[in-house]
Each structure stands twice: as structure tokens, then as C-alpha cells.
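Novice: Taken in sequence, the protein lines are chains A, B and C.
When the letters of the first sequence are read in order and numbered with the numbering used here, they come out as residues 9 to 258.
When the letters of the second sequence are read in order and numbered with the numbering used here, they come out as residues 249 to 627.
When the letters of the third sequence are read in order and numbered with the numbering used here, they come out as residues 6 to 144.
Calculated directly from the structure, the hints in this document are not laboratory data.
Being a predicted model, the structure only gives us computed values, none of them experimental.
Misleading hints may appear alongside valid ones.
Unchecked claim - Straight-line C-alpha distance at most 20 Å; calculated SDA-like pairs for lysine to any residue:
| id | chain 1 | residue 1 | chain 2 | residue 2 |
| --- | --- | --- | --- | --- |
| 1 | A | Lys120 | C | Asn70 |
| 2 | B | Lys448 | B | Lys500 |
| 3 | C | Lys133 | C | Pro14 |
| 4 | A | Lys151 | A | Asp193 |
| 5 | C | Lys133 | A | Ala76 |
| 6 | C | Lys108 | B | Lys503 |
| 7 | B | Lys522 | B | Glu565 |
| 8 | A | Lys231 | B | Lys500 |
| 9 | B | Lys455 | B | Asp295 |
| 10 | C | Lys108 | B | Lys448 |
| 11 | B | Lys503 | B | Ile601 |
| 12 | A | Lys180 | B | Lys500 |
| 13 | A | Lys119 | C | Asn70 |
| 14 | A | Lys119 | C | Ala85 |
| 15 | B | Lys365 | C | Asn70 |
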Amino acid sequence: MRYAGIDIGSRSIELVVVNDACKVLCRFQADTGFDPMAKAKKIVNRVSYDRIMATGYGRNLFEISFDAPTVTEIKAHARGAWTLFPGSQTVLDIGGQDSKAIALFENGNVKKFEMNDRCAAGTGKFLEIMAGTLGFKIEDFGKEALMAEKGLNISSMCTVFAESEVTSLIAKGQSRQEIARGLHDSVIRRAISMINRVSSEGDIVFTGGVAKNLCMTTLLSEKLGRKVRIPDEPQFVGSFGAALLALEIG
Amino acid sequence: MKYDIMNKLQQIMEQNLIDIEQAKDRGQSAIGFYCLYSPMELAVAADAIPLPLCGTSNEPIATAEEILPRNLCPLIKSSFGFAVKDTCPFFRFSDIIIGDTTCDGKKKMFELLSRYKPTHVLQLPQSQDTAMALSLWRSELERFKKIVETQTGVAINNDRLRAAIRLMNLERGARKALMDMNKAKPAPLSGSQLLEILFKVGFLADKEKGISLMEEVVAEAKNGSFLSEDVVAGSRKRILLTGVPVGLGSDKVVKIVEQSGADVVAFENCSGYKQAFFVDEKTNPLDALAEQYLATPCSVMSPNNGRFDLLKEMIQEFSVDGVIDLTWQACHTYNVEAFRIEEFVQKTFGMPILHLETDYAESDTEQLRVRIEAYLEML
Amino acid sequence: MAVPNWKLPWIIETSGAVIVGEESCVGKRGTRNLTDNSTNTVDELMEAITDRYFKVDCAIFSPNNDRLDHIIEMAKTYKADGVIHYGLQFCQPYLMESMPVEKALEEKNIPCLRIDTDYSMEDVGQLKTRVEAFVEIIK
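Please take these sequences and the hints and turn them into a complete structure.
Specialist: Here it is, written out as C-alpha cells:
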């Protein structure tokens, strides 16, 4: 049997298909765009599966259009991370629009979670906008930030306010890399505060697209003093978890 | 500068920490105070060291936000962060913490603070003009007195309390004399100098040392020791800062005003002129303390007419050109009262007011500067 | 629930859960601790009224430990699987008291979700994710 998981996020859609042995058979990713269901349909049509489970922001729309069961991205990421790193009990997921810290029971079930406020503070979208303001490509943003010797202090976490803070730092002639480092520092500070609210020890599994940012992963393990484990393809952990849950409900 | 007060103050501050440590080793108690409503006299009367605790630094806020909601004023978050991180020596020295049920945020913070240190919260009434409020407050001070006695093992009698009131009156008198220096034109002390001196002197365990230091500063100020030579008399606008307390680390507005070519000549807040009161030395000491402390005109009181009276008096006596009303973010009582303050100042003096809402972070410095400069241009 | 702001109740009840009890001042707090009307004089009745209203366990009181006990008691009486603590933005007493409430419930192994929101609809998506994830936990 083939089990699919689809994660319809604010920035991108991921789809993963697994077999009965939880082995990944194939995976796809696409930008969400302005019509998530049309996009989702296109991706879904490319694969064959016996059962599908949806997660992410678009899960409820998907449920209506495709008559599929849904699960929250919190449970999906928890299950995906726990399967990739058996025994892990803390997950940090930073996606396009959300960031969340999740504590797990030993059996992988969700024990407790924290989520960011309603705005894009401390998320992938935040980093993307800031990279744009500083004229960096998002793929290079973390590397550039790591090259700075120190980070400038950025206190605003709101995307709108931080952008004007960054603009005034640029106007003062400050180094782009140091501003970039400061922005990463501030996102990490917020993430650590969320993690500390749910768990105080053990390894952290870092999932979501932002886990591909080298500066984020480096700072996280440095400042937290805990081991940070990064999946090979962190942005697929939610869809992988959903696929595993599709398997389980059988 | 001809007279290097700041250097001297720094040395005294360093010695102060050593003095407190030694006093504690000798068995003296230290009592931490968060708010102007709690009479330090009760600590002084029992030979305990009264230590003002404050949160005026941005640094501990991130730690506090791991527990407290972010929608909370920076003063409360900073205070709590210091306690959680244990980075404030005065908090560490304190054997017991005294708080008051002032604003919602503070009183709920004290509930959490009690997990880190013995905390006693005085039930402060929210009105000042009823016999009921005074008698409740009087009984709270009675309870406070017993707590101090238990902590220190010293029985507070009338003579001790009278002596404490006299000493604290002298200290407040010295503070008032220092602040009153700036009634002169041009102001002999800059707002940031005044703020730094008042802030640091507050931590001195030896009250007499603080008093003589302030007297020395007054004498020097009279000689013009603090005036910079290039200031043309009357060229700088005279600003009164009203609203929330400011201290070192939370003084960005004062600095921006000064950088923009104006002087902050007076502080109508609890780190400034709200401390310029005297407790009646003739009547029953506990009655006198209850009455005087309850009269503190903070926005947690409803109504808070005393603040309007004090503001009016200060605008006149300090020959003020403009008023800046400062509110810390999420400080609801000062924020809501700002509307009436503006209305009052406008109506009474025909003077525009600038209301600023900000926190301890530097992120909005440039936005604040634009507003402050535009306001000064209006005057 | 204060009509017409039924955003959160609507989200909860469309996420596979049902609200069985409401502790707030539009719920049980307003209806419990009935006033003793067995006495006859005005003075005695005034006393009884005072007693009753003094027991209102709103978060503006400090300390307010009765509320913690009452929430746990209600969770048991109503056989609740979990407790959602609903705070309105900038309402400092409830937002801050949510921490000890959560702790007290966790000590009794009752799952708790703290929500901080307002009357606007812009956070419906996020709230739904949180509530659904909470329902997944308590299922």
C-alpha cells in the first residue's frame, strides 16, 4: 500500500508518499501561490496512493475538496521528527508563517506545544523579507550572517517594525552582514524562549524550511547548549509525518 | 566639567556594595522595595537596609518573556527578569521583597516572584479620599511592621519610627533641594545628570552619605560647576517629563530631548518629584506614614487628582515650556490617563503636550527623535 | 462566551470537541455561591450579599488561589478531558494567572491550552491549528 501526506503551508506545498515499511517512495514540492487547491491537485495527480492525509494551513480546504482526513502540522511534525530521530522529545519547527516548539512523550505523542503570535514574527517569511531588504538571496542569507563577527542588536520582531529598524541601520552605514546576524540572533532568541517553555533538556529536532539556514542551526545549538539534529530535508518533515499518520489510521 | 561628580558617585556605588555585603555578614537584614507606596521608614526603624529594586534595563526582558506575557510593561518584565536571572545585586541582598497591589501587571507579577524570594504584598487601596481607604492602608502598614519585626528581630517602637521618619525626611529634603535647583534659568543640571545622581543615590545603604553627597552637588551646582560654557542662557527649551518612572537604562527619551537641543528640567514621576514629600513628624508616626504614602499621586489611583495638582505646580515653578508624557508600552493606567493629562495641560496652560508610548529597546529611537524634534519646533 | 464574540467556542466545537463547562464570569463564576437569603433583617441580608460577592474569584485579586482549586474541581465535575484558558489580549491579570493555572492543572495531569486573542477574526486559522492540536493531544 502507498500512503501520502500533503502539507499545504503558507509558502509551499510538500507531498511525500511512503510504503508500509515507512520508506519514502517519492516527494514533491511547489510554491503555494494564490490558489492552493489548484496547486495541491496538480501535485496530487502526479502520484498514486491508497490513502492520503492532509496537514498545514490548507488542510481544511483539502478535506472538503478531496474528502481526506486531516491532522494539524503540530502532530505531523512531531510524528515525522520522532520517526526520523527515534527517542527525540523536543521539536522546533519554523515554517513560512508559523514557528512552534513541541514537547513529546516517549511514545512520540504530543505532550505540549507553543506557537508564535499571530504575526510573522520569527518565521521564514520574516527572514525572507529581511533578506530582501538587505539585498541577499534567501539561500545565502544564513551564510552571509555567519560571516559577521558580531550581530547588531535588533529588538523588533514584528516584520513591519523590524524592516524600518533595518532600514535605519542601513542608513547609518552599518554592515549588511552584521545586520543579518542581528536578525538571526533575534529570531533564535524568540525560538529559544518558546523551546524553554515546553522542555528544558534533551536533543532538539529542528524542522521546517528555516532549518536549512546554516546560521539558524549554528546559533540554535550554540545558544541553547543542547544538541540540535537536522533532518536531511527538513521542509518535508510535516508531509512525511502526515504520510505516516495516514498509514497508522489503517 | 570642573567637578567630577559622576566619578565620585561611581566609587561610592562600588563601596556601597561592599558595605552592604559586610552589613549582611554582621547579621543586618536587607529589605527590597519595588514601589514608592511602601514606606522605607519601617525598614530603617528596624535597622534593616532598605533597597530600592527597579527594572530599568532592557537586558533581562528576554528572559522574563519566557514566563511572562509579552503584552506587559517593560518595567515589570525587567524587574522580573532580574529576579529570574539573579543578575541584580540588590535583589540578591534582599531577605524579603515588599510589593504593593498597584497595577494589575505588578500585582500578578509578585505572585510569580514569590517563587524566587519571600515576597510580601501590601494591599494598596485604589482610592485616596475615603476614610475606608486610609484605615485599610493603616492596617496594612501595621501588618508590614510586624513582618519587618519578625524578619529583623527588632521591635519597632515610636522613638525608632520617629527617628526613621526624620532621616527619610532629610533624605527626601535633600532630593527635593537637588531637583529644585533646576527651577533656575538656565537649569544648572542637565536632566540626565540629575537622573543619574538621584538613581544611584537611592541605592546607598548609608542614607547620611547620600544626603551629604546631594548637598555637595547642590553647592557645586549653585557655583555653576555643571553648566557647559557654550550654552547661551534661554536658548534651550525647558521640558517637564511626566508619566512613568525612568532610570539608568530606560532614559532614552531624556537623552533624545537633550540631543535635540532642549533640557529636561523636571521629572513629575516616581523616580523624580513624586518623592519630594514630607511625612508629618508631630503626629502618631504610623498614622502620618499611612496618610502621606497613600497620597502618592500614581495613575493606579482612581481618581488621581493629586497628579494634576502636582503637575500644575511644577509647570509653574519650573518655568516649563513643554510637557512630554511618557508611557511604557502596556502600562494601561498611565496610557489611559494620558488623555486627561493632555486635556488638562492644554486647557490650563494653552501648552501642547507630547505623549510618547515606548519600551526600553532602542528600536524606535529614530521615530522618537522625529516626534520630539517636531514637538520642540512647535514650542 | 460573550455573545456575539463566539470565535473561540465556534473553533472548539468545529474541531471535534465540545465545551462542557465555563468557569468565567459569564459562566459558573456568575452562578455559583448563591446568596444566603434565610435571614430577615436588612443588616443580615447585606452581610449575606457581601459574603457572596466577596467570593468572586476574578484574576484581579492577588492572591487568587481559590480559582485554581475551582478550575480543577470543575474539570473533575464536568469530566473534562482538557481545559482551555481563554485570555483577552492586554488583559494582564488573566494572561499572567494562566501560568499558575496551567501548572496546577498539569500537576493533576489535566492538559491545558492557553489562548491569548481578541475579538477580530484575523487569527482564526492559527487558533484552529492550536485547538485542533490540543484536541489531538486529549483524544
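Novice: Would you mind marking each hint as holding or not holding in the structure?
Specialist: Verification of the supplied hints:
With a C-alpha separation of about 24 Å, the suggested pairing of A/Lys120 with C/Asn70 is violated against the 20 Å cut-off. Distance restraint check for B/Lys448 and B/Lys500: the Cα-Cα separation of roughly 17 Å lies within the 20 Å cut-off, and the hinted pair is therefore satisfied. Distance restraint check for C/Lys133 and C/Pro14: the Cα-Cα separation of roughly 11 Å lies within the 20 Å cut-off, and the hinted pair is therefore satisfied. Only pairs whose Cα atoms come within 20 Å are accepted, and A/Lys151 paired with A/Asp193 is accepted, the gap being roughly 14 Å.
Restraint check for C/Lys133 and A/Ala76: the C-alpha separation of about 18 Å stays at or below 20 Å, so the hint holds. Among the hinted pairs, C/Lys108 with B/Lys503 is inconsistent with the structure: their alpha-carbon atoms are about 43 Å apart, more than 20 Å. Taking the CA atoms of B/Lys522 and B/Glu565, the gap is near 15 Å; set against the 20 Å cutoff, the hint holds. The straight-line distance between the Cα atoms of A/Lys231 and B/Lys500 is roughly 29 Å, outside the 20 Å bound, and the hint therefore fails.
As the CA atoms of B/Lys455 and B/Asp295 are separated by approximately 12 Å, the hinted pair is consistent with the 20 Å bound. Our distance criterion of 20 Å between C-alpha atoms is broken by C/Lys108 and B/Lys448, whose separation comes to about 39 Å. Straight-line distance between C-alpha atoms of B/Lys503 and B/Ile601 comes to about 18 Å, which keeps the hinted pair within the 20 Å bound. The hinted pair formed by A/Lys180 and B/Lys500 meets the criterion: a straight-line CA distance of about 18 Å does not exceed 20 Å.
A distance of roughly 26 Å separates the Cα atoms of A/Lys119 and C/Asn70; the hinted pair therefore is violated under the 20 Å criterion. Distance restraint check for A/Lys119 and C/Ala85: the Cα-Cα separation of roughly 17 Å lies within the 20 Å cut-off, and the hinted pair is therefore satisfied. This hinted pair checks out: B/Lys365 and C/Asn70 have alpha carbons roughly 19 Å apart, not beyond 20 Å.
Going down the numbered hints, you'll see the structure goes against 1, 6, 8, 10 and 13, while the others check out.
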